[in-house]
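*Asks:* For reference, the chains in residue letters:
2 protein chains.
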Amino acid sequence: MSTTPQRVPYSVAARELLRNTLLDAACHELQSRHWADITMADIAVAAGVSRQTLYKEFGSREEFAQVLVMREAESFLDAVEHAVGQHLSDPAKALAAAFDLFLTSAAENPLLRAIVIEEGAEELLALLTTQGKPLVERAADRLTAVVIAGWPLIRRRDAELLGDVLVRLAISYAALPDGEASATAAAVSSLFQPYVEKLVREGTP
Amino acid sequence: MSTTPQRVPYSVAARELLRNTLLDAACHELQSRHWADITMADIAVAAGVSRQTLYKEFGSREEFAQVLVMREAESFLDAVEHAVGQHLSDPAKALAAAFDLFLTSAAENPLLRAIVIEEGAEELLALLTTQGKPLVERAADRLTAVVIAGWPLIRRRDAELLGDVLVRLAISYAALPDGEASATAAAVSSLFQPYVEKLVREGTP
DNA sequence: GAGCATTGTCCACTTACTTGACAAAAGAGT
DNA sequence: ACTCTTTTGTCAAGTAAGTGGACAATGCTC
Chain A
1 MSTTPQRVPY
11 SVAARELLRN
21 TLLDAACHEL
31 QSRHWADITM
41 ADIAVAAGVS
51 RQTLYKEFGS
61 REEFAQVLVM
71 REAESFLDAV
81 EHAVGQHLSD
91 PAKALAAAFD
101 LFLTSAAENP
111 LLRAIVIEEG
121 AEELLALLTT
131 QGKPLVERAA
141 DRLTAVVIAG
151 WPLIRRRDAE
161 LLGDVLVRLA
171 ISYAALPDGE
181 ASATAAAVSS
191 LFQPYVEKLV
201 REGTP
Chain B
206 MSTTPQRVPY
216 SVAARELLRN
226 TLLDAACHEL
236 QSRHWADITM
246 ADIAVAAGVS
256 RQTLYKEFGS
266 REEFAQVLVM
276 REAESFLDAV
286 EHAVGQHLSD
296 PAKALAAAFD
306 LFLTSAAENP
316 LLRAIVIEEG
326 AEELLALLTT
336 QGKPLVERAA
346 DRLTAVVIAG
356 WPLIRRRDAE
366 LLGDVLVRLA
376 ISYAALPDGE
386 ASATAAAVSS
396 LFQPYVEKLV
406 REGTP
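In the order they appear, the protein sequences are chains A and B. Residue numbering for the first sequence follows the numbering used here, beginning at 1 and increasing consecutively. Residue numbering for the second sequence follows the numbering used here, beginning at 206 and increasing consecutively.
FYI, nobody ran anything at the bench for these hints, they're computed from the structure. Glycine included, C-beta positions come from ideal geometry on N, C-alpha and C. Careful, some of the hints might be misleading.
A few chain B positions that, by computed beta-carbon distances, are all more than 12 Å from chain A [claimed, not checked]:
1) F281
2) L330
3) A354
4) A380
5) E385
Quick look at which bits of chain A chain B covers, simulated, 3 or more residues with Cβ under 8 Å [as the list claims (entries may be wrong)]:
6) 9-20
7) 147-154
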């Protein structure tokens, strides 16, 4: 099921620790200030590291933001993956549960809140939308994989479409919520329900 | 209650990671071989680090073993501390629960098993007994602190005695179990029950 | 007692991180 | 439009951390 927690050599763990320390530092700063007000120097200092090290690890401010958003996305995808796994017997339920989980935790997530609520985060917002190709592709890929793993009868092309559409919807509602998260989740899943049920039953819409 | 999880600068976290990686590597090796069969070089390699780095971080094999045992002890003390916290209203129950928890988890602990069961671990065994002064003192101190925090009426001298005696008993039973862990825990706690109850009631035996 | 492995130490070497400096770009204030 | 300031991104020189190879000393074993 999960990958074996094999022993990690120090050098690898240390690099990972460095990157995470820097990303964590940025997240922490975001709780008190806008992204635009946070300099690369601030992040380096908050991580207890020189600015040069930050630049060596992530090439530029842009790139750093990209990775920051991506890391948060991966953790969301982990949660979604787990939620889907709880409802393998009922695709509609799985969809509703996953969407619900995503929206509610997105509403509470510090980074997302910084992007959605505050004003000084246009640069980060773009990474979810206009500049968001890597993110959407990655998320759609993972979602597609989850769907295929859970319901093998579905054709790959259909799973890919479903993954792409769901990711885009999820991002849209995360960026601009419309009422209660659970209500949105229920509504969206009811909309997709006939499609996915036909899909898992017949392997084609 | 617990210490604030304040932000850790990278350099500190990295050193901690290095030490833990090395200690973890040793624990891992212990699952398949005796302590006497494990060389410092083995540990370094298993941690993905040079032998020199191992020696720089821990001065000698002896010292390394000391820290290895100490780290495991701290984690046991954490668990015991937590168990006591669950039964603040009833000292006798707290004692029984803590002792029970300690003995059962000690029986399953890989490092402890390596020391108690295998033959090639005399050097480690000594760290619990004849060479065990630092360990006993540290454990007794923490236990004393827990007791005082939980039942402030007790006099410091009495708490210190209790802490010391309990630690020594715990180590003895861990090194040489006598029947079922829970039975031992119940027996020992019944033995101390009158003493501790008088203590917490009257503040003196 | 000869041979072999391990411990603990030394030193030269590489790699990671730091420090201070700088041009270029972006804003803020006048 | 123009300066003053700040930040970004890059460089070079310096320090610290980890590597790799060598060594005497100890201890084992055959």
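*Asks:* Minimum Cβ separation between A380(B) and chain A greater than 12 Å?
*Replies:* The assertion about A380(B) holds, with a minimum of 29 Å to chain A.
*Asks:* Examine the region 147-154 of chain A: at least three residues should have C-beta closer than 8 Å to a C-beta of chain B.
*Replies:* violated (count 0)
*Asks:* Closer than 8 Å, Cβ to Cβ, for at least three residues: run that test on the region 9-20 of chain A against chain B and report holds or violated.
*Replies:* Result for this restraint: holds, n = 8.
*Asks:* Any Cβ of chain A at or closer than 12 Å to A354(B), or is the non-interface label fine?
*Replies:* About 31 Å separates A354(B) from the closest Cβ of chain A, which puts it past 12 Å; holds.
*Asks:* Would the non-interface assignment of F281(B) survive a Cβ cutoff of 12 Å against chain A?
*Replies:* 22 Å, holds
*Asks:* Find the nearest Cβ of chain A to the Cβ of E385(B) and say whether that gap is larger than 12 Å.
*Replies:* 32 Å, holds
*Asks:* Against chain A, does L330(B) hold up as non-interface, every C-beta pair farther apart than 12 Å?
*Replies:* The assertion about L330(B) holds, with a minimum of 26 Å to chain A.
Of the hints listed earlier, the one the structure fails to meet is number 7.
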